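Visitor: Single-letter residue listing:
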Amino acid sequence: MTGTQTDRDRPAGTPPAARRMPTWLLITAGLVVALLLAGVVSFYASSSPDGLNKVAEDHGFAGTAGEHAAADSPFANYSTRGVDNDRLAGGLAGVAGAVVVLALAGGLAFVVRRKSR
Amino acid sequence: MHVPDGFLDAPTSVATGAVAVAAVGVALRGARRELDDRTAPLAGLVATFVFATQMLNFPVGAGTSGHLLGGALAAVLVGPWTAVLCMSVVLLVQALLFADGGITALGTNITLMGVVTVVVGWAVFRLVQQLLPKRVAMVAPAAAAGALVSVPVAALCFTGLYAVGGQAPVPLGALLTAMLGWHVLIGVGEAVITLLAVGSIVAVRPDLVHGARRVLASRTLEVRDPEEVRS
Numbered sequence: 002m003t004g005t006q007t008d009r010d011r012p013a014g015t016p017p018a019a020r021r022m023p024t025w026l027l028i029t030a031g032l033v034v035a036l037l038l039a040g041v042v043s044f045y046a047s048s049s050p051d052g053l054n055k056v057a058e059d060h061g062f063a064g065t066a067g068e069h070a071a072a073d074s075p076f077a078n079y080s081t082r083g084v085d086n087d088r089l090a091g092g093l094a095g096v097a098g099a100v101v102v103l104a105l106a107g108g109l110a111f112v113v114r115r116k117s118r
Numbered sequence: 014m015h016v017p018d019g020f021l022d023a024p025t026s027v028a029t030g031a032v033a034v035a036a037v038g039v040a041l042r043g044a045r046r047e048l049d050d051r052t053a054p055l056a057g058l059v060a061t062f063v064f065a066t067q068m069l070n071f072p073v074g075a076g077t078s079g080h081l082l083g084g085a086l087a088a089v090l091v092g093p094w095t096a097v098l099c100m101s102v103v104l105l106v107q108a109l110l111f112a113d114g115g116i117t118a119l120g121t122n123i124t125l126m127g128v129v130t131v132v133v134g135w136a137v138f139r140l141v142q143q144l145l146p147k148r149v150a151m152v153a154p155a156a157a158a159g160a161l162v163s164v165p166v167a168a169l170c171f172t173g174l175y176a177v178g179g180q181a182p183v184p185l186g187a188l189l190t191a192m193l194g195w196h197v198l199i200g201v202g203e204a205v206i207t208l209l210a211v212g213s214i215v216a217v218r219p220d221l222v223h224g225a226r227r228v229l230a231s232r233t234l235e236v237r238d239p240e241e242v243r244s
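Residue numbers (the numbering used here), protein chains in the order written: chain F, 2 to 118; chain Z, 14 to 244.
These are computed hints drawn from the structure, not numbers from a lab.
It cannot be assumed that every hint is accurate.
Cβ-to-Cβ under 8 Å is the rule here; a few derived chain F residues that face chain Z [claimed, not checked]:
1. 41
2. 76
3. 78
4. 93
Derived DEER-like restraints, expressed as beta-carbon distance ranges [as the list claims (entries may be wrong)]:
5. F:88 / Z:46: 40 to 46 Å
6. Z:45 / F:29: 35 to 41 Å
7. Z:185 / F:115: 30 to 36 Å
8. Z:140 / F:115: 26 to 32 Å
9. Z:144 / F:86: 46 to 52 Å
10. Z:186 / F:64: 20 to 26 Å
11. Z:177 / F:72: 24 to 30 Å
12. F:47 / Z:186: 26 to 32 Å
13. F:20 / Z:185: 53 to 59 Å
Computed from a predicted structure; not experimentally measured.
We treat Cβ as the ideally placed atom computed from N, Cα and C, and that holds for glycine.
Take the sequences, apply the hints, and build the full model.
Guide: And the structure:
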C-alpha cells in the first residue's frame, strides 16, 4: 500500500487527501471482510469451549449456568433454526448478526456524532 | 468470555448492571467528542468487525479456545467512549439474538468485555505510545500491547466478581491461576488480530484512526497550516 507514504512524502502544499483511499471504499471493503468472516470463515472456528467455559468445567461450576432466556431465538447459538445444512445455518446467522450490529452501531454513531460545519 | 446466566448471584449481577448502565450513559456523552461525519461510519464498521471476529474461536491449547474481545482494537480505532458503545451493541445483540452471554449477565459482560478491556486497552496503548517513537507506524504495535494486557485483566476482573458473587464454591487461587493462564494465551491471539486490523486501517487512512491523531497532528501541522490559511 502506498497510503502510508502520503503524509510523509507529500510535497508541501499538495492536497492531503488526493491519493487516499476514499472513506466509502475503506468502509465497504471492511464490511465485505467482516461479512466473509461471519458468514464463511466462522464455519472453521474452533468448537472447543472458550477460556471461561473451560475453567468452569474444570472447576466444577459450569453446571450453575442456567437455561438461556433467548434459547428460542431463531439464531440461538449462532445457528439458523430450520436450516439443516450446518455451514449454511451458521453462515446465515453470522451474516444476520453482522447486519443487525452494523445497523444498530452505525445508527447510534450517526445519532451521537457532532454535525460538522 | 461471555458469562452465562447463573454463574454470578443476583446482587453481583445487579451491581455490574448498574456499572454497565452508568458506563454506557457516560460513553454516550463522551462519544460526541470522538464522532463526526468522517468517523461515524468507521464506528459501524468496527462494531461489525468485532462481532464477526468474536465468532472466530482459535485454539489456545488442550481442548480450549478463545476469541478476540476487541475492546483495545475498538478504542484505538474509534476512541474509548465510542468503543464502549460499539462493544455494548455487540454484546446486546449476542445476548438477545444468539443466546451468547446471559441476559441477566449482560451487565457483567458489558462491564468485563465492553468497559474493562476498553479502559485497560486504551490506557496501555497510550502508555506504550508515550514510550515508543512518535510515529504513525507505532500505532498498531502499541494497540497490540493494549490488547495483550486487556484480556488477562478482564479475566482477573471476572475472578474478582466470582469471589464476591460466585454461585458454586471454588478455591479462588486455583480459579485465578486457571483464568489468567488461559487468558494470557488468548491475549496473544487478541494482540495479533489487533495488530493486523489496526495496522491495515493505519496503512490506508491514518487520519481516520483515533489513536493516531496525536502523532499525525504533531507531524503534519506544518503541512496543514498553509492549507487552512488558503481555504
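Visitor: Which of the listed hints are not met by the structure?
Guide: 1, 4, 6, 7
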